[in-house]
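Undergrad: Each chain is listed here by its residues.
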Amino acid sequence: EAGVTQFPSHSVIEKGQTVTLRCDPISGHDNLYWYRRVMGKEIKFLLHFVKESKQDESGMPNNRFLAERTGGTYSTLKVQPAELEDSGVYFCASSQDLLDEQYFGPGTRLTVT
Amino acid sequence: AQSVTQLGSHVSVSEGALVLLRCNYSSSVPPYLFWYVQYPNQGLQLLLKYTSAATLVKGINGFEAEFKKSETSFHLTKPSAHMSDAAEYFCAVSVYNFNKFYFGSGTKLNVKP
Chain A
67 EAGVTQFPSH SVIEKGQTVT LRCDPISGHD NLYWYRRVMG KEIKFLLHFV
117 KESKQDESGM PNNRFLAERT GGTYSTLKVQ PAELEDSGVY FCASSQDLLD
167 EQYFGPGTRL TVT
Chain B
440 AQSVTQLGSH VSVSEGALVL LRCNYSSSVP PYLFWYVQYP NQGLQLLLKY
490 TSAATLVKGI NGFEAEFKKS ETSFHLTKPS AHMSDAAEYF CAVSVYNFNK
540 FYFGSGTKLN VKP
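Protein chains in written order, with this note's numbering: chain A, 67 to 179; chain B, 440 to 552.
Please keep in mind that the hints were generated in silico from the structure rather than gathered at the bench. Any given hint could turn out to be false.
Said to hold, decoys possible - DSSO-like mimics (lysine-lysine), calculated; alpha carbons at most 27 angstroms apart, straight line:
(1) A:K110 - B:K507
(2) A:K107 - B:K547
(3) B:K497 - B:K508
(4) A:K117 - A:K144
(5) A:K117 - B:K497
(6) B:K497 - A:K120
(7) B:K508 - B:K488
(8) B:K508 - A:K110
(9) A:K117 - A:K81
(10) A:K107 - A:K144
(11) B:K497 - B:K507
(12) B:K488 - A:K110
(13) B:K497 - A:K110
(14) B:K547 - B:K488
(15) A:K110 - B:K547
(16) B:K551 - B:K497
(17) A:K107 - B:K551
(18) B:K488 - A:K107
(19) A:K107 - B:K508
(20) A:K120 - A:K144
All figures in this text were calculated on a predicted structure; none of them were measured in a lab.
So that you can see chain B by itself, here it is in the shape it has in the complex (with noise of 0.2 angstroms):
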């Protein structure tokens, strides 16, 4: 069975500085790894997606994240956190034929100027 664990419910940061969101996964087969944003009233938005090319994987808004599966993890860093980066952050996983996703709990980030 698949699942994620998102560490941390809120995060805070200040403006310009780095942006850390923790994901870990489970999966018995190598997995599709996925985060997404959601901005107030909208839908969820693909940041960026790992399908096992490259570990180091970059994503829109200079959000990036590194596959590293002796950790089981893929965590979203951004250099310098700006305002509009207040969101949710959803880590996913997919398996096989993208038919399913399977989330995590989501993170909301919280910018202070």
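This is chain A alone, in the form it adopts within the complex (with noise of 0.2 angstroms):
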């Protein structure tokens, strides 16, 4: 069974640029969930899916940003105008129901220069 996966692993963009990210969960799960981790300081909850619906937006920094989850399967978050500030690695996680464990992908490390 695949796991998760993020695509691209690796952006470098231009400040005032956008960038998209894409999470493809695995096969099944319901719960779809975005981090980030900005230059070594703690990971931070972004944002969590269920299905198509956002259950909870609370962690998303600013206007910015914005995730979408059409039908319920693939993920895509959307950084635009990206500033220095938003740098860092987006993580992906995914778990079938609520209670369960979440299975994170490898991260999309984002640079804005």
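Assembly of the complex is requested from the two constituent chains, each provided in isolation within its own frame, with the hints serving as guidance.
TA: Next up, the structure:
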């Protein structure tokens, strides 16, 4: 069974540009989560989808970030326009049920210059 | 509010020596506690979890952790380090319905031959 996959693995963009990160959860997992780790600090929760619905987006930094999960399968996280402080590693995780272990992808390393 | 403190961003041990990675948490309600490990270029992998059952939790790869409510701690130990244990370790706390984790800032474990 394939694990959680994320694309791209690395992205380098200039300030003001737009970037879209993609996450493919484990097949059949209704719960999908986005987290971010900035420069060796703690991994912080961004938001949680249950199927295609946003269950909790309390961790989204501001309205430059837009997450979608059309059809309840893969999810995208768009940053527009990107700022320097958006640099970091963005992790995606999925779980089958709410009380299950979260399975993490390898992350996307975003660098904004 | 919930938070996690991992003491020591870098820990170095010799192969065969005891591994002790420290984690203290703050939670206003009974917590669920987790240790995850991240090997280079991989996603976070669950090592073990505490969900209010036995206070001594055994995980994969010979790791275990003990929940101590009086000390608000959940330290990770392994009796004998192996070279393959070199990785970054994250402690996390969750409450209520598992929908989000609060992570510590991580501890990089170096194992010397």
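Undergrad: Run every hint past the structure and note whether it holds.
TA: Here is how each hint holds up against the structure:
no.	hint	result
1	A:K110 - B:K507	25 angstroms, holds
2	A:K107 - B:K547	12 angstroms, holds
3	B:K497 - B:K508	17 angstroms, holds
4	A:K117 - A:K144	18 angstroms, holds
5	A:K117 - B:K497	32 angstroms, violated
6	B:K497 - A:K120	34 angstroms, violated
7	B:K508 - B:K488	15 angstroms, holds
8	B:K508 - A:K110	24 angstroms, holds
9	A:K117 - A:K81	32 angstroms, violated
10	A:K107 - A:K144	22 angstroms, holds
11	B:K497 - B:K507	15 angstroms, holds
12	B:K488 - A:K110	19 angstroms, holds
13	B:K497 - A:K110	26 angstroms, holds
14	B:K547 - B:K488	19 angstroms, holds
15	A:K110 - B:K547	18 angstroms, holds
16	B:K551 - B:K497	24 angstroms, holds
17	A:K107 - B:K551	25 angstroms, holds
18	B:K488 - A:K107	22 angstroms, holds
19	A:K107 - B:K508	25 angstroms, holds
20	A:K120 - A:K144	15 angstroms, holds
Hint violations for this structure: numbers 5, 6, 9, all remaining hints satisfied.
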